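Listed here are the chains, written in short residue letters.
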Amino acid sequence: MHGKALPYLLLMPATLFLWIFFLYPFALVAFEAVTRDGAFTLDNFRTMAGSWKFPATVRNTLLLAAIVVPIQLTMALLMASVVSRLETGRSAALYVFAIPLGISDLAAGLIWLAIFDQSGFLNTLLSSLGVVDRPVMFLGYQSKLTIFIAVALAEIWRATAIMMVILVAGMGLIPKEYYEAAEVFGASPWQRFVRITLPLLRPSLQTAIILRVILAFEVFAVVAALGGTNLPVLMGETYNWQFTLQDRNVAAASALLILAISIGFTLFFLRVLRVPKEARI
Amino acid sequence: MSAVAETPVAAVADARKAGDWLLIATAILLGVWVLLPIYLLIVNALSSPDQVTAFPKRFFPSFDLGSLSFFINFAGVARALWNSVLVATLTMILAIGFGAPAGYALSRFDFPGKGSFRFLVLMTRAFPLPLLALPLAVMFIRTGLDDTAIGLALVHTTLALPFAVLITFSLFSGIPVELEEAAWTLGCTRWQAFRKVILPLALPGIAASAVFAFTISWNEVFAAAVLTIENRTLTAFLLQSLGESPLYLKFAGGAALVVPALIFIFAVRKYLFAMWGIANR
Chain A
387 MHGKALPYLL LMPATLFLWI FFLYPFALVA FEAVTRDGAF TLDNFRTMAG SWKFPATVRN
447 TLLLAAIVVP IQLTMALLMA SVVSRLETGR SAALYVFAIP LGISDLAAGL IWLAIFDQSG
507 FLNTLLSSLG VVDRPVMFLG YQSKLTIFIA VALAEIWRAT AIMMVILVAG MGLIPKEYYE
567 AAEVFGASPW QRFVRITLPL LRPSLQTAII LRVILAFEVF AVVAALGGTN LPVLMGETYN
627 WQFTLQDRNV AAASALLILA ISIGFTLFFL RVLRVPKEAR I
Chain B
3 MSAVAETPVA AVADARKAGD WLLIATAILL GVWVLLPIYL LIVNALSSPD QVTAFPKRFF
63 PSFDLGSLSF FINFAGVARA LWNSVLVATL TMILAIGFGA PAGYALSRFD FPGKGSFRFL
123 VLMTRAFPLP LLALPLAVMF IRTGLDDTAI GLALVHTTLA LPFAVLITFS LFSGIPVELE
183 EAAWTLGCTR WQAFRKVILP LALPGIAASA VFAFTISWNE VFAAAVLTIE NRTLTAFLLQ
243 SLGESPLYLK FAGGAALVVP ALIFIFAVRK YLFAMWGIAN R
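As you go down the protein sequences, you meet chains A and B in turn.
Read in order, the letters of the first sequence correspond to residues 387 to 667 in the numbering used here.
Read in order, the letters of the second sequence correspond to residues 3 to 283 in the numbering used here.
Keep in mind the hints are simulated off the structure, nothing from the lab.
Each hint should be verified, as a subset may be incorrect.
[Said to hold, decoys possible] Distance ranges between label pairs, derived from CB positions:
id, chain 1, residue 1, chain 2, residue 2, range
1, B, R18, A, D519, 25 to 31 angstroms
2, B, P114, A, Y481, 41 to 47 angstroms
3, B, K198, A, S477, 29 to 35 angstroms
4, A, T421, B, K198, 52 to 58 angstroms
[Stated by the list, open to error] In silico DSS-like cross-links for lysine-lysine, where the CA-CA straight-line distance does not exceed 27 angstroms:
id, chain 1, residue 1, chain 2, residue 2
5, A, K390, B, K272
6, A, K562, B, K198
7, B, K198, A, K390
8, A, K562, A, K439
9, B, K272, A, K562
10, B, K19, B, K116
Quick caveat, the model's predicted, so the values are computed rather than measured.
From the three backbone atoms N, C-alpha and C, an ideal C-beta is built for every residue, glycine too.
Please construct the entire structure, taking both the sequences and the accompanying hints into account.
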């Protein structure tokens, strides 16, 4: 009775939804970014870039991504390798490693605040070891470096799980025979990892890196919880333009910048880690 | 003769054993890295306000409910909790309601336009979606959706819908189409066959992706903070009171965010890989 139309009927709600709440708002944000009071202008971008905080904002965001993502990639590969080689306790280890996946970035910021705060656990540990005489202020406005380190640690802690899960799924797709053959020819575990796992894992690596890099440019609540306004990042500044400064055109320009950086990096990693069709498993 | 042959075998066995220990030690170390920060937050949440601000800190909770009861009775918290649950529930319903039919259509039909729909869904992942909240804030004011639970739930659905589509797609793909065809030959209509044969089989997986959608909404900070003023969710409430609220309020709030998330992740642990594994392709 409705043979041909049925798939379209089933897809319609989701498609309409994505048009209205995904594509249209992005067109809107792009429009708001390049207009002011209805007239085309690049002033919003000039205002954004002219803010005294702007250079630090861009630097902090990019630097954070550049430091956090490679460390996370290494840790995620380590976690995934450990999980796929464990025989007993595999699912327990998997669950524990995956826990941060469900934790909000705000909660992650608060968790690390408990550690880095002046009356927090790190100071307690340091003073009981006799390293410091009195509690150090790690997150004060004068200690940008320790704020940066705390934010980086919290980000590494929070978002490694997402990469780990993707990589574990990818490792599951690699045929066991390859490893057996390599073992027969005397390949060491490290050689097997470098020669078999890494190349065949490329599609998953690509997904994991892209997803993670985009999330890294969205860093917001972790910074808000740990550094307040002492460590400005792009998303936080966007929020400021919208709320504190009540200028949604500049906020839109700022959003567009984040978008442009994200898409730029996505295309970059799609190209660099390209997997030819015939090389897929 | 036999003594000579035994040595390399024993050496290999020794190396294996050492490798096993190294593996287990690494697994434990990584587990501690994930769990310790959460434990420290819980210690804070289960200590009295005085203990939270005191120095040095104790590394064990005193099981004093002072912080938690202060948090629950703090003006606005109960309402924020309720809003969080409401928004997350709406998100869950919308994401599954729109996503599951699309997933079913993708798994069962071949039709022109299938590729472009998949592209639309995958494209959402190259975009920093929380930024959508900025243009939508204006759209919502015009349509009266501003500062409502449903308005925020619509934005959160954009985050959760792609996952719902991809997860249900793989779920339905995993159920043999022959089962459905058998039901048709026995006189079921398409809908009856779906409801009586496919749905019961897919239900656990659908429930898992619903929980996943709930978690995404529960944890989201940026859009929630942008779109709600009076009806703030817990994350928005905590974010906006970061500046002035005392430490024990922050930590109790953090724990209130984390504990449900732990339960959610535990509930869907079996499906984590299915979800991310598929989201790969």
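Results for each hint:
For B/R18 paired with A/D519, a C-beta distance near 49 angstroms fails the hint of 25 to 31 angstroms. For B/P114 paired with A/Y481, a C-beta distance near 42 angstroms keeps the hint of 41 to 47 angstroms intact. Checked against the given bound of 29 to 35 angstroms, the beta carbons of B/K198 and A/S477, roughly 32 angstroms apart, stay inside it. Checked against the hint of 52 to 58 angstroms, the pair A/T421 and B/K198 passes, with Cβ atoms roughly 55 angstroms apart.
As the CA atoms of A/K390 and B/K272 are separated by approximately 35 angstroms, the hinted pair breaks the 27 angstroms bound. The straight-line distance between the Cα atoms of A/K562 and B/K198 is roughly 38 angstroms, outside the 27 angstroms bound, and the hint therefore fails. Restraint check for B/K198 and A/K390: satisfied, since their Cα atoms lie roughly 23 angstroms apart, inside the 27 angstroms limit. Our distance criterion of 27 angstroms between C-alpha atoms is broken by A/K562 and A/K439, whose separation comes to about 53 angstroms.
Note on B/K272 and A/K562: the hinted pairing holds, with a Cα-Cα distance of about 22 angstroms set against a maximum of 27 angstroms. For the given pair, B/K19 sits about 52 angstroms from B/K116 by alpha-carbon distance, which is inconsistent with the 27 angstroms threshold.
Violation of the numbered hints given earlier is confined to hints 1, 5, 6, 8 and 10; the remaining hints are satisfied by the structure.
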